[in-house]
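2 protein chains.
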Amino acid sequence: MPVPEFPEGTVPRELADARASIDNLDAALLHLLAERFKITRRVGELKAAKGLPPADPDREDAQIARLRSLASESGLDPEFAEKFLTFIVREVVRHHEQIAGNAAHQA
Amino acid sequence: MPVPEFPEGTVPRELADARASIDNLDAALLHLLAERFKITRRVGELKAAKGLPPADPDREDAQIARLRSLASESGLDPEFAEKFLTFIVREVVRHHEQIAGNAAHQA
Numbered sequence: 000m001p002v003p004e005f006p007e008g009t010v011p012r013e014l015a016d017a018r019a020s021i022d023n024l025d026a027a028l029l030h031l032l033a034e035r036f037k038i039t040r041r042v043g044e045l046k047a048a049k050g051l052p053p054a055d056p057d058r059e060d061a062q063i064a065r066l067r068s069l070a071s072e073s074g075l076d077p078e079f080a081e082k083f084l085t086f087i088v089r090e091v092v093r094h095h096e097q098i099a100g101n102a103a104h105q106a
Numbered sequence: 000m001p002v003p004e005f006p007e008g009t010v011p012r013e014l015a016d017a018r019a020s021i022d023n024l025d026a027a028l029l030h031l032l033a034e035r036f037k038i039t040r041r042v043g044e045l046k047a048a049k050g051l052p053p054a055d056p057d058r059e060d061a062q063i064a065r066l067r068s069l070a071s072e073s074g075l076d077p078e079f080a081e082k083f084l085t086f087i088v089r090e091v092v093r094h095h096e097q098i099a100g101n102a103a104h105q106a
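If you're matching them up, the sequences are chains A and B in order.
Residue numbering for the first sequence follows numbering that gives the first Met the number 0, starting at 0 and increasing by one per position.
Residue numbering for the second sequence follows numbering that gives the first Met the number 0, starting at 0 and increasing by one per position.
Careful, some of the hints might be misleading.
The list treats identical chains as interchangeable, and a pair is accepted whether it falls inside one copy or across any two copies.
[As the list claims (entries may be wrong)] Here are the computed lysine-lysine pairs in the DSBU-like style, where the Cα-Cα straight-line distance is at most 35 Å:
| id | residue 1 | residue 2 |
| --- | --- | --- |
| 1 | Lys37 | Lys82 |
| 2 | Lys37 | Lys49 |
| 3 | Lys49 | Lys82 |
It should be emphasised that the hints constitute simulated quantities derived from the structure, not laboratory data.
With the hints as extra help, turn the sequences into a complete structure.
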């Protein structure tokens, strides 16, 4: 689905091409994120079942170090990579807390 | 690179498997983001060259609507998809402002 904004024919060709690539990458990112949350949801259920806390600072520190290193290799700002992981983990912890809350209600 | 946190052999197998998949997906996400920022950097240069403003609310509204719809189809929370795009676009606008600032300094 194209996302027009300039009147037809007035978007510079190079900008239109770039936006089409961005839209393709965004769809890919979204589908990978959907897959990632499917997995973290299972992790949340496992943690709730075993009584482990939703957040895990040591694991997060190791993930941050790894992603900063991968970012440097890919020409991405390591600061941004860290902010990105923090953003995702915040959402994951929110899911885990919901799962733990649901489990508590069922107990 | 694995990211251990429990003493060796004490992480439940299912959790270790899930974490390995998460690490794979995170590497893929990071590389797609690196590619996305390469493209938006080119867009920023194009916009600066043509004197277009860095942010573009109409385009962003259309992107948000598209990603919310894709999220619903993929079992992802549309609210999260919107927050994700906002998070990325904030970084892109920061890059564009840097590019515009550099161009102004060179003028």
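Going down the list of hints, with the structure as the test:
In this assembly of identical chains, the alpha carbons of Lys37 and Lys82 lie at most 35 Å apart whether taken from the same copy (21 Å) or from different copies (18 Å). In this homomeric assembly, Lys37 and Lys49 come within 35 Å of each other (Cα to Cα) only inside a single copy, at 19 Å, whereas the closest approach across copies is 43 Å. In this homomeric assembly, Lys49 and Lys82 come within 35 Å of each other (Cα to Cα) both inside a single copy, at 29 Å, and across copies, at 31 Å.
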